[in-house]
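Visitor: Sequence:
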Amino acid sequence: MSQIISFWEEYLERHHLVEHRSSHIVLLRPSMSFMILQTPDPRSLREALPDFSKTTHVFLPINDCRNVAEAEGGTHWSLLLISIIDGIAFHYDSLPPGNVWEAQTVTMKFGLLLNRQIRFMNLTDSPIQENGSDCGVFVCLSMRHLLLKRLLMAKANEKVSMSLGGRKVDASAGRKEIAKIIEGFRKEGERRRS
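Number 72 in this note's numbering belongs to position 75 of the sequence shown; there are no gaps in the numbering.
Since the hints were made in silico from the structure, they are not lab data. Remember, it's a predicted structure, so these values are computed and weren't measured experimentally. It is possible that part of the hints are untrue.
Unchecked claim - Below, a list of computed lysine-lysine pairs in the BS3-like style, where the Cα atoms sit at most 27 Å apart:
(1) 177 to 165
(2) 51 to 152
(3) 165 to 146
(4) 173 to 146
(5) 156 to 146
(6) 51 to 146
(7) 156 to 51
(8) 106 to 156
(9) 106 to 173
(10) 177 to 146
(11) 165 to 152
(12) 184 to 173
To be verified - With beta-carbon atoms standing in for the labels, derived distance ranges:
(13) 147 to 47: 30 to 36 Å
(14) 93 to 46: 26 to 32 Å
(15) 146 to 7: 16 to 22 Å
(16) 183 to 46: 39 to 45 Å
(17) 116 to 150: 19 to 25 Å
(18) 41 to 142: 22 to 28 Å
(19) 177 to 113: 38 to 44 Å
(20) 82 to 40: 18 to 24 Å
(21) 93 to 146: 18 to 24 Å
(22) 51 to 13: 24 to 30 Å
(23) 42 to 180: 21 to 27 Å
All C-beta atoms, glycine included, are put in the ideal place defined by N, C-alpha and C.
Could you put the whole structure together from the sequences, leaning on the hints where they help?
Guide: Okay, structure coming up:
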C-alpha cells in the first residue's frame, strides 16, 4: 500500500498542486513519515527533508509498523495533516483507535524539527471503513478531499474546517478510480516506449 500512497501523492502533486505553485503544501511520502517516527532525534533528518520554512501544511501518511527493519510493514494506515501556520496536527483514522500513538509521536517529532510545539487533534468524526483492508484508500481519498476541496479552495486568511464529519467515502469506487488512473499512466508509458 505504501507504493500506492506514494503514487497518489505524486499524482496529486503533478496534476493538481502544480497549478497552485504558491500554495506551499508538502505531501511527504510514507517512507519519510516512517523515518520521522523511527528517528530518535528528527532534527538529524533536516538534510533529507524538504525545507519547511515557507510551508503552510504537510500531509503525512502514518503506518503502524514499529519494526525499523521493515519500513513497508505494518497493517494499518491513517492520515496526519499538520497545519504549520496554525500549529495544529489533525489526525484522520478510518479504524479507530488505530494509529493515535504513531500520529502523536510524529506530531511531537515534527514539532522538534520546526523548533515549536504543535497541538495534536485526533478527529473522532473521520469516515469509518467497513472492512479491514480499506485504510489506504481512505488515506488517499481523504488527502485529495482535504487538499482540493479545503486547502486549495480557501482564500487568504480564511478559516477552513478540517473536519471530515459527515463525509461518506465509497472505498470500492475509490479503489476503481485509483486503479483506472494507474492503468492510464501504464498505457501512456507503453505508448511512449513504442
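Visitor: Going back to the hint list, which numbers does this structure go against?
Guide: Hint check: 9, 13, 16, 18, 22 and 23 fail, others pass.
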